[in-house]
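*Asks:* Next come the chains, spelled out residue by residue.
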Amino acid sequence: MKKIKGKAWKFGDNIDTDVIIPARYLNTTDPEELAKHCMEDIDPEFFKKINKGDIIVAGKNFGCGSSREHAPIAIKACGIACVIAESFARIFYRNAFNTGLLILECPEAVKNIETGDELEIYPEEGKIINLTKNKTYFIKPLPSFMKKILEDGGLIPHIMKKFEIVHQK
Amino acid sequence: MTLAEKILATKLNRKYVEPGELVEVSVDLTLANDITGPLAIKIFESTNIGKVFDPEKIVLVMDHFTPNKDIKSAEQVRTCREFAKKYKIRHYYEGGNCGIEHALLPELGLVGPGDIVIGADSHTCTYGALGAFATGVGSTDLAGAWITGKTWFKVPETIKFIYYGKLNPWVTGKDLILWTIGDIGVDGALYKAMEFTGEVIKKLSMAERFTMANMAIEAGGKVGLIEPDKKTIVYIKNRFKRKPIILKADKKAKYADIKEYDVSKIDLVVALPHLPSNVKLVKDLSNKIFIDQVVIGSCTNGRIEDLAIAAKILKNRKVNPNLRCIIIPATPNIYYQALKKGYIRVFIEAGAIISPPTCGPCLGGHMGILAKGEKAVATTNRNFVGRMGHPESEVYLAGPAVAAASAVLGYIGTPEELGLKREN
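Chain order of the listed sequences is A and B. Numbering-wise (my numbering), the first sequence opens with residue 903 and increments by one. Numbering-wise (my numbering), the second sequence opens with residue 8 and increments by one.
If you are wondering where the hints come from, they were derived from the structure by calculation, not from laboratory data. On a predicted model such as this, the values are computed, not experimentally measured, just so you know. Check the hints yourself; a few may be wrong.
Said to hold, decoys possible - Straight line, CA to CA, 20 Å or less: simulated EDC-like cross-link-like pairs of lysine to aspartate or glutamate: (1) B:Lys379 / A:Asp945; (2) A:Lys1049 / B:Glu63; (3) B:Lys379 / A:Glu947; (4) B:Lys93 / B:Glu63; (5) B:Lys79 / A:Asp945.
Unchecked claim - Some chain A residues close to chain B (C-beta under 10 Å, calculated; not the full set): (6) Val921; (7) Thr930; (8) Thr931; (9) Lys962; (10) Arg970; (11) His972; (12) Pro974; (13) Phe1040; (14) Pro1045; (15) Phe1065.
Using N, Cα and C, we set each Cβ at its ideal position, and we do this for glycine too.
Bound conformation, chain B alone (with noise of 0.2 Å):
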């Protein structure tokens, strides 16, 4: 069995489970924010059942529009409080405790290896980086599982991808999914599971195997998987406080496909507008492309990991002048780690602005919206028409490498035309 359908059938005490089967799991973690959790909880009202499966099992984060962006938005969180106070649900972040979901339920050990994890939210598939099987669903699903407690699956395929070689200089997780991205298209895993392995991702970071399980949802997949390993179980330690189900995929496993990828060939890219699969190498872009703004956050790439390449690169250099550059640290012990690093310092130095941990940006919500006509070179994860505006903005989707350095050039470009070098 693959990776998805040993979790699944572990769930389900089941020796085997085969793709195409549907099946019923129970959850072990629900999910909703500030924009799905209202919805939810409106659906869930109207049953009038009076009692959620499990409040220690429900996890609500106030980070799309927070801090509060206007009155409805204030009412929408409002709704949720209440909701969390009524059902005594503990998991609720709102103030000086919140930050983006899919940076903050990992952290805080919400979330584990051999988890099965819905959340209402689309990158709620970033914690298939602990080998969890976590996938987005709609407030109505959502709300089907806080009267349950289970929910149903059809048990997807599984395409493997193995990486092999040796990463070039600045290269992170980033250029690789979405060089992936852009090789097999927005559906090229259309209802599938995407496992990611081989050589090169045993080497990556944590931080990085969550950019790279974020954005499966991008290739259309239902979850994006890594084995758990030596690095998972340290990053759990002191975080995770229930037994872990360490799997580990067959040998023998059947896959839909198999894709192998050459490190060594990929170097920075950047999605182009309108797609995240629309991927170049930063090097063959043709003209200057010039720029309004740089983001550099979101659930994709606003770790310690990212800051610290951001921080990096700004480092006794300043953003430039024709540019807003934002900083959003994904979570306050994100922020504080940041500061403590000397990275806040850096960044203020280099003429940065600093957010709170939010979504913002990133949907278009609030905290650096896009004009008409204007370009912005972003970490984030989606890239489609209006998103992080006017609908005749631009989004450029890269790693924090690229981002940091275009924000200094003022145009779509590499730490190397800076000067600087990196080992990896």
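Chain A extracted, bound-state conformation (with noise of 0.2 Å):
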């Protein structure tokens, strides 16, 4: 995985798949529309203020609330490169993952991290660096079986990579 640069912009704790993602708009499943109306709720200029490669950082239990994986990929297409969270919801843990949306786990460096600050990411290392604030943290690493998802593209490539296995069987 690449090296992600971009700035942060700063939520709080419980940042819900609503505010995410208004379930006025669930009625498509289009990337591009879903990423216009991201984070509306909380800061209706979002879409227009980030830029691409841009990072999320928030507080505990983002992505609380619904299960629709439209909240991952409206964050995605809008070009985050990133969330940096204290702990995510599960739901949104999981499908964050199956989307392909790199999320990261770090409550020291949400701490210290204001909006506007540079970031510097290298998921491989599981290193952040606040280039602003010119401080490095470390993330812990992933269960091998998740990272095993991750190398083959998410979970639906990993699973038709064990389908084809068993076919050649």
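Once you've looked at the hints, go ahead and assemble the two chains, each given alone in its own frame, into the complex.
*Replies:* Shown next, in the form of structure tokens:
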């Protein structure tokens, strides 16, 4: 995975999926359409303000609420490269994984990051650098099972790979 | 082992599973709706696999934006309908057979004790009331299960919740679960299983048990489980066709935490905006909170027992002229029962609006959207920013008694304020 460099956009605790993508926009599965309304109810200008490669930084329980996979899809499609949070709600965590949105759990980093800070992330090494504040943080490595899913390019490619192996036998 | 561990171990044909362990299990049932279904279908079809693992184990319920609220929603539903036809999925619900998924599936006997269920809807945890390990997933996880018939879980740690004492008048399972979430917070059970036990749980109706399990997700829980007992067996009789697997937690099971509640100290509650954990006793509200709308329904509180409470309060009373009171029977069967029992007549005479079964206003979809600044009391499950409409509208969560009483009063209040008494 490539290095990520971008600006931080900081949010608080319990950012729920209704705020990430309001249900009134769920009559489509089109990522571009969903992206336009990402975070709209908490920051109506969010989609316009951010640049490709920027990073969402949030507190506890990010992505709580509904199981809508439209939430990580909207975040990814609007150009956000990664979400760093103190913790993630479990369905969102799985969904982000499955849709290829990079998420990192790092309470220490979150505490010191403010909106506008320049961040550099090395996903392979689990390293987050706050260039503005000149601080470096490391995250816990993923379980190998989950790493395998990521290496295969997500859950579906992972399943298909296993499926083909079974068929060859 | 705890109940969650026991269900997983049984399904894996193992003596033991340990919290933290990653396991791959076969699923007994998978569920999607008109929002998450189209996305799962898109993902599934992109693999060109051409075959679902078992059409009998797939349920598609078109309940969120139905009856179709706009063209795009109608097209999403069509995608699901065609998918159901293509893969011979019998359990497809759209028209007059359609209800709110988490009320409908247990009613039809599609889920039962010991099952492992994944649903692309976060309130799939409702079936924990039957002793099923049931949890919400996203569309990709669901599509994965449609291919393999399996899914993976991290075996969760369990928190045990024990309820004892005498319930106060009008207090129901909704008050107990809101109180619990208020105590532990919206991430108080994050990644964990919640096990609801104690003498009070044994006395609760199945409807109230469904309400409690339903809101496990609002505390971050993976599952909300209740041990099957005689009431469960009576409920699944003549509904559930497979052989139920009745499991109980071991007395020596290890819990991450044990919480005890004396329910005689819990009175009617309301969760203030914008978190379900923002819980207050209604009698402790310092100011009168005037409201614009009341919603009685949803997968949390749209069952006949909930409508019975509303009917008792609304009988020979009028909905306050300053608000709309929307009542949503959760399934056609519940609607029919309400008709036979005379509740529908009571509601109409009181000036309430009767909606067809739909999730509708709960998620700000349709059938009761709030304008800027409007306030609603709802028996639903979430009061996040913008949940029922405008981002500056507000949702107050409560049980059916507070919702119905508030509909008459015009502000958030209790049946006692209407001079109503109830023996529990």
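*Asks:* Taking the hints in turn, state whether each one holds.
*Replies:* Now the hints, each set against the structure:
| no. | hint | in the structure |
| --- | --- | --- |
| 1 | B:Lys379 / A:Asp945 | holds (16 Å) |
| 2 | A:Lys1049 / B:Glu63 | violated (33 Å) |
| 3 | B:Lys379 / A:Glu947 | holds (19 Å) |
| 4 | B:Lys93 / B:Glu63 | holds (13 Å) |
| 5 | B:Lys79 / A:Asp945 | violated (25 Å) |
| 6 | Val921 | holds (6 Å) |
| 7 | Thr930 | holds (6 Å) |
| 8 | Thr931 | holds (5 Å) |
| 9 | Lys962 | holds (6 Å) |
| 10 | Arg970 | holds (7 Å) |
| 11 | His972 | holds (7 Å) |
| 12 | Pro974 | holds (8 Å) |
| 13 | Phe1040 | violated (21 Å) |
| 14 | Pro1045 | holds (6 Å) |
| 15 | Phe1065 | holds (7 Å) |
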